[in-house]
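Quick mapping for you: the protein sequence lines, in order, are chains A and B.
The first sequence runs 1 to 480 under UniProt numbering.
The second sequence runs 1 to 480 under UniProt numbering.
Take these hints with a grain of salt, some might be off.
Since the list gives no way to pick one copy over another, a pair counts as held whenever it fits inside one copy or between any two copies.
What the hints assert, rightly or not - Below, a list of computed lysine-lysine pairs in the DSS-like style, where the Cα atoms sit at most 25 Å apart:
(1) Lys183 <-> Lys286
(2) Lys294 <-> Lys183
(3) Lys236 <-> Lys277
(4) Lys294 <-> Lys179
(5) Lys419 <-> Lys385
(6) Lys280 <-> Lys236
(7) Lys104 <-> Lys425
(8) Lys353 <-> Lys419
(9) Lys353 <-> Lys338
Hints are computed from structural coordinates only; laboratory data are not their basis.
Just so it is clear, the structure is predicted and the values come from calculations on it, not from any experiment.
2 protein chains.
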Amino acid sequence: MEGKSNKNSDTQVAVVGAGLVGSLEACMLAQRGYDVHLYEYREDIRTLEHVPGRSINLAMSVRGRTALRHIGVEDSIIAHHAIPMRARMIHRPDGSTAAIPYNKDGQCIYSVGRRFVNEVLLTKAESFPNVTFHFQHRLTAMDITTRTMTFTNPTTEETNTRTADLIIGCDGAFSAVRKEMLKRANLNYSQNYIPHGYMELCIPADKHGEFAMPPNYLHIWPRGEYMMIALPNQDKSWTVTLFMPFNIFESLTSPQILMNFFQQNYPDAIPLIGEEKLVKDFFANKGLPMISVKCSPYHVGSSCLLLGDAAHAMVPFYGQGMNCGMEDCLVFDELLTKLDYDLSLVLPAYSAKRNPDAEAIVDLAMYNYVEMRDMVNSRWFLLRKKLDNFLNLIFPRSWVPLYTMVTFSREPYHMCIKKKQRQDKVLHCTSLAVLGTAVVGGVVLTWRSGSASDWLHKTFNFVVTAGRSAVPYLDHVTLY
Amino acid sequence: MEGKSNKNSDTQVAVVGAGLVGSLEACMLAQRGYDVHLYEYREDIRTLEHVPGRSINLAMSVRGRTALRHIGVEDSIIAHHAIPMRARMIHRPDGSTAAIPYNKDGQCIYSVGRRFVNEVLLTKAESFPNVTFHFQHRLTAMDITTRTMTFTNPTTEETNTRTADLIIGCDGAFSAVRKEMLKRANLNYSQNYIPHGYMELCIPADKHGEFAMPPNYLHIWPRGEYMMIALPNQDKSWTVTLFMPFNIFESLTSPQILMNFFQQNYPDAIPLIGEEKLVKDFFANKGLPMISVKCSPYHVGSSCLLLGDAAHAMVPFYGQGMNCGMEDCLVFDELLTKLDYDLSLVLPAYSAKRNPDAEAIVDLAMYNYVEMRDMVNSRWFLLRKKLDNFLNLIFPRSWVPLYTMVTFSREPYHMCIKKKQRQDKVLHCTSLAVLGTAVVGGVVLTWRSGSASDWLHKTFNFVVTAGRSAVPYLDHVTLY
Numbered sequence: 001m002e003g004k005s006n007k008n009s010d011t012q013v014a015v016v017g018a019g020l021v022g023s024l025e026a027c028m029l030a031q032r033g034y035d036v037h038l039y040e041y042r043e044d045i046r047t048l049e050h051v052p053g054r055s056i057n058l059a060m061s062v063r064g065r066t067a068l069r070h071i072g073v074e075d076s077i078i079a080h081h082a083i084p085m086r087a088r089m090i091h092r093p094d095g096s097t098a099a100i101p102y103n104k105d106g107q108c109i110y111s112v113g114r115r116f117v118n119e120v121l122l123t124k125a126e127s128f129p130n131v132t133f134h135f136q137h138r139l140t141a142m143d144i145t146t147r148t149m150t151f152t153n154p155t156t157e158e159t160n161t162r163t164a165d166l167i168i169g170c171d172g173a174f175s176a177v178r179k180e181m182l183k184r185a186n187l188n189y190s191q192n193y194i195p196h197g198y199m200e201l202c203i204p205a206d207k208h209g210e211f212a213m214p215p216n217y218l219h220i221w222p223r224g225e226y227m228m229i230a231l232p233n234q235d236k237s238w239t240v241t242l243f244m245p246f247n248i249f250e251s252l253t254s255p256q257i258l259m260n261f262f263q264q265n266y267p268d269a270i271p272l273i274g275e276e277k278l279v280k281d282f283f284a285n286k287g288l289p290m291i292s293v294k295c296s297p298y299h300v301g302s303s304c305l306l307l308g309d310a311a312h313a314m315v316p317f318y319g320q321g322m323n324c325g326m327e328d329c330l331v332f333d334e335l336l337t338k339l340d341y342d343l344s345l346v347l348p349a350y351s352a353k354r355n356p357d358a359e360a361i362v363d364l365a366m367y368n369y370v371e372m373r374d375m376v377n378s379r380w381f382l383l384r385k386k387l388d389n390f391l392n393l394i395f396p397r398s399w400v401p402l403y404t405m406v407t408f409s410r411e412p413y414h415m416c417i418k419k420k421q422r423q424d425k426v427l428h429c430t431s432l433a434v435l436g437t438a439v440v441g442g443v444v445l446t447w448r449s450g451s452a453s454d455w456l457h458k459t460f461n462f463v464v465t466a467g468r469s470a471v472p473y474l475d476h477v478t479l480y
Numbered sequence: 001m002e003g004k005s006n007k008n009s010d011t012q013v014a015v016v017g018a019g020l021v022g023s024l025e026a027c028m029l030a031q032r033g034y035d036v037h038l039y040e041y042r043e044d045i046r047t048l049e050h051v052p053g054r055s056i057n058l059a060m061s062v063r064g065r066t067a068l069r070h071i072g073v074e075d076s077i078i079a080h081h082a083i084p085m086r087a088r089m090i091h092r093p094d095g096s097t098a099a100i101p102y103n104k105d106g107q108c109i110y111s112v113g114r115r116f117v118n119e120v121l122l123t124k125a126e127s128f129p130n131v132t133f134h135f136q137h138r139l140t141a142m143d144i145t146t147r148t149m150t151f152t153n154p155t156t157e158e159t160n161t162r163t164a165d166l167i168i169g170c171d172g173a174f175s176a177v178r179k180e181m182l183k184r185a186n187l188n189y190s191q192n193y194i195p196h197g198y199m200e201l202c203i204p205a206d207k208h209g210e211f212a213m214p215p216n217y218l219h220i221w222p223r224g225e226y227m228m229i230a231l232p233n234q235d236k237s238w239t240v241t242l243f244m245p246f247n248i249f250e251s252l253t254s255p256q257i258l259m260n261f262f263q264q265n266y267p268d269a270i271p272l273i274g275e276e277k278l279v280k281d282f283f284a285n286k287g288l289p290m291i292s293v294k295c296s297p298y299h300v301g302s303s304c305l306l307l308g309d310a311a312h313a314m315v316p317f318y319g320q321g322m323n324c325g326m327e328d329c330l331v332f333d334e335l336l337t338k339l340d341y342d343l344s345l346v347l348p349a350y351s352a353k354r355n356p357d358a359e360a361i362v363d364l365a366m367y368n369y370v371e372m373r374d375m376v377n378s379r380w381f382l383l384r385k386k387l388d389n390f391l392n393l394i395f396p397r398s399w400v401p402l403y404t405m406v407t408f409s410r411e412p413y414h415m416c417i418k419k420k421q422r423q424d425k426v427l428h429c430t431s432l433a434v435l436g437t438a439v440v441g442g443v444v445l446t447w448r449s450g451s452a453s454d455w456l457h458k459t460f461n462f463v464v465t466a467g468r469s470a471v472p473y474l475d476h477v478t479l480y
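Required output: the full structure, derived from the provided sequences and hints.
What follows is the structure in structure tokens.
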């Protein structure tokens with residue numbers, strides 16, 4: 001690696017965006033000896049009192065952890081900061097709860113603070129002599145052919161022009177780098193807003209300064225068309241996120257209407273948030289949009305590349321946005337070493353390898369919204385999870401639940417879907433066999449004893465009952 | 001309408017783009033009394049010797065004709081200029097040909113020159129006192145909130161700023177209006193480049209100054225992975241369009257390789273184009289990309305709207321790009337009168353009504369590429385067309401072939417697909433019934449006479465044969 005360092009030190013890489021993915025990527029490139037310049041439109045968040053922007057905490061799982069380990073900061077985040085969430089805690093409308101473990105082995109996901117993780121990564125990046133920070137640099141123009149970037153200082157409006165051998169856009173769902181790439185290159189691109197918005201609320205620590213709910217859970221209030229979740233914070237508060245269609249947000253026009261809505265849907269959350277705080281926070285905010293972005297390829301020539309949300313923003317329902325973005329950096333790093341740092345090979349290889357996986361998780365995230373809301377029917381969900389876990393127990397290697405593959409392994413995302421489809425086919429056939437057996441059973445049983453009308457009636461009932469147990473699996477097969 | 005004219009004369013509408021859709025829309029708005037300003041980045045094409053840009057001729061069918069009739073220019077285009085194409089003429093690799101009529105009633109589509117139609121529409125627009133032309137106005141910035149547009153003169157680089165009550169983007173697949181809308185509004189958007197490119201070539205008039213092929217046909221050379229088509233021009237020449245994957249374009253690197261390729265695939269076209277001209281034209285040009293664009297909604301508030309390719313660019317394989325864009329203007333005009341010119345109602349109503357139809361034809365155009373290439377197997381295609389026409393003969397109202405609905409009616413595009421799916425289901429069930437009967441027949445026939453292995457063998461053959469006849473319909477069902 002030392003040899004490589006010398007070779008790569010002549011190559012200047014501009015990383016645009018110093019969020020979670022950008023600052024991680026700067027560290028990985030620095031480890032490979034590149035001359036790294038990290039551009040960020042905000043000030044150094046470590047110097048700010050309040051950081052504006054998106055969700056306060058995130059669920060970290062295996063892919064993100066592996067990336068952190070790769071640059072030696074896993075422990076400082078997981079061991080000293082993160083709060084393990086070992087199961088989902090379902091809150092029913094009547095206030096009763098049920099725990100649904102993430103999997104049979106007791107593996108867990110971790111609630112981490114976005115700001116904390118970002119600061120650890122920035123401090124790590126700062127420790128490399130070959131990383132230079134450029135804060136208050138907002139990308140306002142880019143010329144792909146000459147690899148020239150124009151940055152504007154958001155405060156002074158001063159501009160300055162920089163070049164690099166490779167420009168990596170890690171600047172999020174509304175990426176400026178991607179916009180410039182779209183102007184010049186023949187990229188396939190799609191962006192989709194879903195009809196649902198989100199709003200963050202807060203459950204403060206209780207009067208003893210403790211968590212107001214059992215802390216080692218991801219709390220979910222599934223309600224069909226809408227949903228609320230809560231993740232624990234280091235300071236014993238909870239960040240609560242309300243998801244619902246924009247027209248519902250808009251229909252809650254007065255404190256009275258809002259309280260009625262909460263009474264009906266989330267009664268147990270009212271005393272936890274506090275009625276006054278709930279009304280104040282709700283009307284001080286508004287439902288924010290969620291966007292799903294696909295793009296292909298992720299590179300132009302050997303000069304430009306997109307990583308993280310800039311390449312594949314997803315809706316937040318699989319908890320994989322950050323994990324996938326961090327895994328992007330790992331995959332890119334693996335290809336760098338495999339292809340001996342030849343960027344003209346690495347960039348196309350990265351697009352080819354990563355695109356099917358990133359698009360798979362973008363699709364899964366969209367689909368999982370349906371599944372999370374479906375937990376409203378938690379008995380059935382529980383039963384299916386139990387069946388999944390039971391089959392996993394019998395066939396530990398060949399039968400792994402989808403959520404487990406996605407969250408607790410580094411199985412490529414598109415392979416997770418493929419394996420799941422194979423499993424669904426088995427369940428599908430099994431269900432049909434059950435259905436068939438039921439029909440034949442019904443025919444035989446009733447044929448032997450009973451009148452013709454009785455026979456018809458009983459057979460019909462058998463078919464309906466068997467059909468109902470088969471249908472959910474049929475739905476599953478259709479959905480992927 | 002006179003009353004409306006007075007009311008609408010206070011409303012200034014900016015139409016950006018004076019191509020086919022923009023100049024048509026200017027006429028329609030002028031008829032409704034609006035104060036219309038038509039902006040175009042080129043000079044007036046009527047003053048140019050050579051117009052740069054896209055395909056020279058186009059296939060016009062019922063939707064386009066209806067729109068032209070609406071502003072009183074159908075005759076000057078269809079009766080005095082257009083060349084009817086009554087059937088497809090399939091050219092097989094051995095040089096033999098076969099005609100496949102568009103439908104049983106002898107309805108036809110028309111080859112029209114893009115420039116001619118555009119000039120007729122501009123001259124028509126000029127005849128309205130309430131239309132003002134602004135040539136050499138290239139939109140370079142737009143503020144949706146204040147409805148302000150900045151235009152730059154491409155020659156002098158001078159800029160000037162204009163406002164309007166309503167801005168309508170008719171500026172094509174790479175629409176500048178759409179780009180500005182995407183910056184500010186939460187639009188869903190996708191763009192897809194297909195792996196195929198196109199190149200226009202030319203078959204000149206023969207030595208007698210006549211058409212070198214029978215003129216009243218759309219000539220097609222279907223070859224599976226690639227395809228060539230030719231449409232007749234007024235001057236007795238043919239515009240030939242070569243479609244193939246970019247990597248094939250790139251592989252034809254020398255005149256020798258090109259001629260071998262043509263010898264193998266389009267031998268009968270070589271003497272028609274002329275060997276020297278073919279080599280010269282091919283290497284003077286390059287394969288051009290084709291893009292498919294979807295967007296939703298098409299409007300922002302009551303200030304901004306997209307029509308034509310700007311809203312829904314499609315690949316050219318259904319011959320509906322121009323027809324759909326012109327029908328956009330009709331649909332918008334219908335809603336204007338229906339909703340009493342209240343733009344705050346008309347714009348959302350237009351998006352809601354037009355989006356499913358436009359997306360349907362974008363999808364159909366993509367799908368039809370496969371169908372056109374499939375004509376390579378023209379016997380099977382012919383058989384299917386005959387079956388389609390036969391069923392249409394028996395059930396003239398309930399069974400209309402998809403191509404006929406799309407091309408020769410104003411049935412909303414999404415309804416064309418719905419009806420086609422219903423028809424496919426019938427064919428699907430029929431096929432399955434045939435398959436089932438074959439299996440039972442096979443079992444019964446062979447059970448009565450023959451050994452067990454003989455029985456198995458014969459049954460297998462029956463199933464395979466019956467399955468083969470059913471499969472194409474199954475494919476069809478899947479493809480939509």
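For this structure, which hints from the list above don't hold up? none
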